[in-house]
Amino acid sequence: MNVVILGCGRLGAHLARRLDREGHAVTIVDRSSDSFARLGGDFRGTMILGTGIDEDILRRAGIESADAFVAVTNGDNTNAMAAEIAKLVFKVPRVVARLYDPVREDTFHALGLMETVCPTVMGSDKIHDIVMDKNNSKAQ
Amino acid sequence: MYIIIVGGGKVGYYLAKILLNEQHEILVIEKDKRKGEAISVELGGAVQRGDGTDSLSMEEAGMSRADLVVAVTGDDEDNLMICQMAKKKFGVKRTIARINNPKNEHIFKLLGIDNTVSVTDLILAQIEREIPAQSLVHLLTLREAGVSFVEAKVPDDSPAIGKPLRDLRIPDDCVIPLVIRNGKGIVPHGETVLAPGDEVVAVTTTNHDDVLERIFCGG
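Note that the protein sequences, when read in sequence, are chains A and B.
Here my numbering is used: the first residue of the first sequence is 1, the next is one more, and so on.
Here my numbering is used: the first residue of the second sequence is 1001, the next is one more, and so on.
Chain A extracted, bound-state conformation (with noise of 0.2 Å):
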């Protein structure tokens, strides 16, 4: 599979890794060169150095040929943008955005457009659960 991350943060490093790992062709885009590094040595896939709501960026990146697109910046905006211009001008098939604010979460999914990812409500569930099964488990 062909996948173009935009974002070298922690989460876009550690899914870069995995899918170089399991043999797909991925290329990251991230802003600063530094972000790079999180990527480790044995890393085959592409870097480019860029902001990901550059259609030419993108274009660099083989998004004309990606099967899949993650936008995993730390920005909200920057990720819905490109995740839109992926969908919508690149017809990337498949095309995922993480979006840390819940109700924009809500109404991006509700267009249909991209899936989404909400760290805050994922975690926050996930905390829940296990709050909640420790007050369970005291009071029983």
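FYI, nobody ran anything at the bench for these hints, they're computed from the structure.
You can take every hint at face value.
In silico lysine-lysine, BS3-like type, Cα no more than 30 Å apart, as pairs:
hint, chain 1, residue 1, chain 2, residue 2
1, B, Lys1088, A, Lys126
2, A, Lys91, B, Lys1109
3, B, Lys1103, B, Lys1087
4, B, Lys1089, A, Lys91
5, B, Lys1010, B, Lys1089
6, B, Lys1089, A, Lys126
7, B, Lys1103, B, Lys1088
8, B, Lys1093, A, Lys91
It should be emphasised that the depicted structure is a prediction, and the values quoted were computed from it without experimental measurement.
Please build the complex by placing chain B on the supplied structure of chain A, with the hints as guidance.
Showing chain B alone in chain A's frame:
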């Protein structure tokens, strides 16, 4: 009208000031504390500090009752988000977005944000108008209606000179409502004959740049 302006930079500030004077209800949302405080004094408190792209800020601003939302931050992705959230989440009918990178204009359009202002494009159009080398200049585009106003300067060696307008094979969806000759406007008719140095204004519903350039400027 209740108008929310997101972005309290120079554009947002002056816009707010003018619209306040026109008796509109105005709220400016600005992220930066110092910037927000500075313009708040000037604007009589019509400023909310916060991230204008954040849904909580939007709710606090009463976005669902806004008649118009204007996004004029320096970041296109923020302006896009503001307009999309305003439309999709808060049901705001009218939004206007400032665009910094002209390449983003068609993306905004694809995403349903029709009303955009690209400062870079405006300056570019002005430059085109000032530089005589450009024979065809775009004066104005009514994007929603798909109507363009273009102007052609008629050079000395133009094939159009000496012929009445009706013989110039101007495309059907294109009219010539105005010719400027020696700085004065003329409303032309079929028998009007063009002279060197004339500026011809054409109104078109499809892009006929190539055809018009060939007719009026030759080449």
